[in-house]
Amino acid sequence: MKKIQRVEQILIQLHRKYEQGVPAQAVAQELMLDRSTASRYLNQLVKENKAQKKIGRPVRYIPVPPVPQMDKPSPVSSAKTPLHSGEPEFVSFAAGVGKSLQPVLHEAMAALLYPPYGLPILLTGETGVGKSYLAHTLYQIAVRDRRLPSSSPFISFNCAEYAQNPELLMAQLFGVEKGAFTGALTDKAGLVERANEGILFLDEIHRLPPAGQEMLFYLIDQGSYRRLGETGTHRKGNIHLIGATTESPEKVLLPALYRRFSVRLTLPPLRDRPREEREDLLQFFLEQEAGKMGVPLQMSPECYTAFLQYECPGNIGQLRSDIQIACARAFLRHLYRPGQEVMVQFADLPRSLREYRPVTTAIRPLVSTEGLPGTTETEELENIYQQCTKHREQLLKQNASSMQIDQELQAIINQYIHSLLDSADRSRQNGHQEGSPIWSKLFEALRKSIQEIGKPLSYRQLAALSLHIQEFLNKSPSSLQTDPLPSLPEPPAFYHQAAQKIANDLRTELGIDLPAREIKIISLFLSAEEKRENQLKQRLIATVCLTGEGAAVSLEYWLKENLPPTDQDVVVQSVQIDPVNRHSLTLEHLKEEYNLIAVVGTVPPAMDDIFYIPAWELYQPQGFQRLTERLDTTRPRKTNKEEAVLSRENIPEWVQQGLLKTVVHFNPWRFMQIVSSEMETFREVFDWDAELEAGCWMHLGVYTDRLLQNRLASGETEEAVSEPNSDPAHLSTAQIFVWEQLLKRLEETFCIQYPPATAREMARFSATVVKAPV
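Residue 196 in the UniProt record's numbering is what sits at position 196 of the sequence shown, and the numbering runs on without skipping anything.
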């Protein structure tokens with residue numbers, strides 16, 4: 001049964017209860033969907049004249065034709081709906097729970113609903129198999145079937161978060177009494193108290209210390225507990241307990257606690273589940289992403305096959321992350337080339353999938369979500385696609401350059417991708433399978449032809465060219481465009497000759513006859529790749545630690561504060577390193593996208609050919625000197641064209657671009673509006689070159705941001721340090737005056753107060769080279 005048919009069926013059933021019309025939230029709760037997704041299906045039923053829409057708050061839907069009025073159920077039967085005989089109906093409602101997990105779900109529901117407060121459930125399985133999802137699904141089903149009140153809480157807690165501090169972990173779980181330990185200044189309720197009359201889900205339960213496991217055993221056995229530090233009071237705790245672990249529970253849990261989990265269920269990894277279930281999961285996640293975008297989403301056959309065949313060591317969690325990465329990249333391309341749909345192409349896939357080379361002997365139709373209904377209601381939560389669209393519109397209103405828009409949107413996507421990759425760092429893929437004969441022959445023929453031409457291409461570039469030719473071969477003759485390409489710059493003769501040789505080799509080796517327009521496209525592809533190779537990637541410094549949140553973030557802030565003005569192009573990114581094998585998929589992704597010039601952190605990553613500086617050394621003079629020398633040697637050499645880019649006319653854009661990546665407490669666009677209006681006055685007083693002038697404005701912007709930060713944190717302003725008798729002899733009153741006027745305007749705009757010596761210090765900083773007095 002298709003999902004929209006199921007929505008129609010539920011609408012008919014719920015109309016017996018909601019005589020004035022069924023709200024979208026009720027349908028969403030029944031089918032365990034987002035409200036916005038349910039609304040889309042209901043609106044599609046309205047378009048198909050299978051439902052009527054009643055405008056109001058909330059919007060309500062009535063099935064068509066009208067359902068005959070039924071006698072209302074008696075109070076007894078309406079209070080508790082009996083379990084269905086045979087296969088439970090709730091199984092078909094849980095998206096992502098396939099037939100192989102139906103026995104697990106059925107047994108878990110039976111344990112959860114066992115009176116009076118259910119039987120404790122222990123879920124085991126590898127990382128990413130869906131233990132957290134299953135626990136929340138049980139809660140949704142219980143609330144939907146009115147086995148639990150709708151106000152019942154669902155509290156989820158990962159015991160690994162506080163595993164290094166057992167006392168704090170038990171305080172979070174059971175609460176704390178004032179004065180129980182240093183820093184316990186007030187009474188605080190724990191998660192057990194918050195989960196009363198609801199469900200408490202403890203992930204990584206084996207990370208509880210022995211004392212915590214004993215307290216949990218007492219709670220299960222006696223139904224009571226004490227806060228940390230309490231002596232005489234016993235508190236009642238009526239909870240449904242679900243635990244989860246990736247370890248063997250009999251080895252990591254105390255025997256007493258292990259025995260209290262009378263229902264122990266193991267969730268199989270994705271590799272052991274039927275192919276049909278992975279296909280259902282793939283389609284489900286694609287529908288979710290299409291719903292977020294609000295436009296039809298399609299995926300090429302190569303991508304679809306890759307997602308079905310690649311080894312996914314991170315299980316469902318990694319599958320979902322990889323799909324989100326591919327969809328985010330495809331959506332970014334859609335923003336610049338708007339069309340009827342978003343197409344996920346091979347180049348959009350994460351690196352592990354691109355290198356997998358799936359079997360594609362059979363050409364299957366494009367997997368499409370075009371049939372998904374549209375929506376007329378606004379999404380409640382902003383997602384990555386809305387962020388890109390909204391940010392692009394804002395930049396266009398600010399008359400931002402196309403280069404700045406490209407960099408800003410790419411930064412949003414990169415940050416999103418990096419956060420998703422962090423979750424897969426422990427699931428590194430080590431092997432690849434061979435591709436199909438068709439793919440292998442095409443790829444090998446191209447590789448040999450490129451080698452003979454003498455122009456090296458990476459595997460990624462070869463794969464992209466192979467896919468383009470394969471898509472050409474997959475098209476039907478009637479769909480091929482025979483018109484010449486629009487007027488484009490002709491590539492150098494070398495690339496036209498190279499493309500012609502490739503076409504001749506493909507005709508000889510594989511019998512593939514490429515038309516002139518395809519040869520022209522190949523020549524443009526080769527020349528574009530050459531230009532791209534000649535353009536230096538943006539430099540990157542990665543800061544690393546075991547969590548990616550502690551020392552790495554501190555190092556990131558410190559480096560951003562202390563990088564020289566001439567190196568403001570450098571991106572600084574904090575990254576998590578696996579504590580066992582010291583690998584990081586995020587770092588590998590960054591190395592592919594950027595020019596990774598240095599890694600700074602508390603633990604060296606397991607990567608070849610990297611420039612590493614330990615964190616302790618960076619803060620020493622010799623360590624920072626090493627980094628400075630590295631910056632000098634990796635700084636792009638300026639060509640005449642690049643010198644023109646740093647002309648005075650482009651200084652406002654250059655500085656604004658740098659401040660957008662650096663400051664957080666004021667609007668760089670408004671800042672540069674004020675500064676730009678004063679630039680000519682400053683140029684009359686100071687004889688700046690473009691680089692020195694841009695450095696002064698960057699210095700002022702960063703200093704202003706730090707003042708605002710200090711004021712927000714403590715309400716105080718920092719003093720500008722002025723060295724006695726340090727002013728140059730030729731520092732004039734006019735030079736100090738122009739800075740005083742500019743600082744006054746900035747103070748009025750940003751409600752800030754600069755220290756009294758700021759104007760003199762900025763004048764001294766600016767007067768490295770000055771005009772001779774007139």
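Just so you know, these hints were derived from the structure itself, not from any lab.
For every residue, glycine included, the Cβ atom is placed at its ideal position computed from N, Cα and C.
Just so you know, not all the hints are guaranteed correct.
Unchecked claim - No farther apart than 30 angstroms at their CA atoms in a straight line, the calculated lysine-lysine pairs in the DSSO-like style are these:
1. Lys591 with Lys537
2. Lys54 with Lys99
3. Lys537 with Lys520
To be verified - Cβ pair distances, simulated, as ranges:
4. Gln753 with Gln394: 27 to 33 angstroms
5. Gly623 with Asp221: 25 to 31 angstroms
6. Gln20 with Glu276: 58 to 64 angstroms
We went through each hint and held it up to the structure:
Between Lys591 and Lys537 the CA atoms are separated by roughly 10 angstroms; this keeps the pair inside 30 angstroms, and the hint holds. Pair hint Lys54 plus Lys99 does not hold up; C-alpha atoms about 37 angstroms apart against a cutoff of 30 angstroms. In summary, the hint linking Lys537 to Lys520 is supported, as the alpha carbons are separated by about 27 angstroms, within the 30 angstroms threshold. Separation of Gln753 from Gln394 is about 29 angstroms and conforms to the stated range, judged on CB atoms against 27 to 33 angstroms.
Taken as a hint, the range 25 to 31 angstroms is violated for the pair Gly623 and Asp221, whose Cβ atoms sit roughly 56 angstroms apart. The hinted range of 58 to 64 angstroms is not satisfied by Gln20 and Glu276, whose Cβ atoms lie roughly 40 angstroms apart.
Going through the hint list in order, the structure does not satisfy hints 2, 5, 6.
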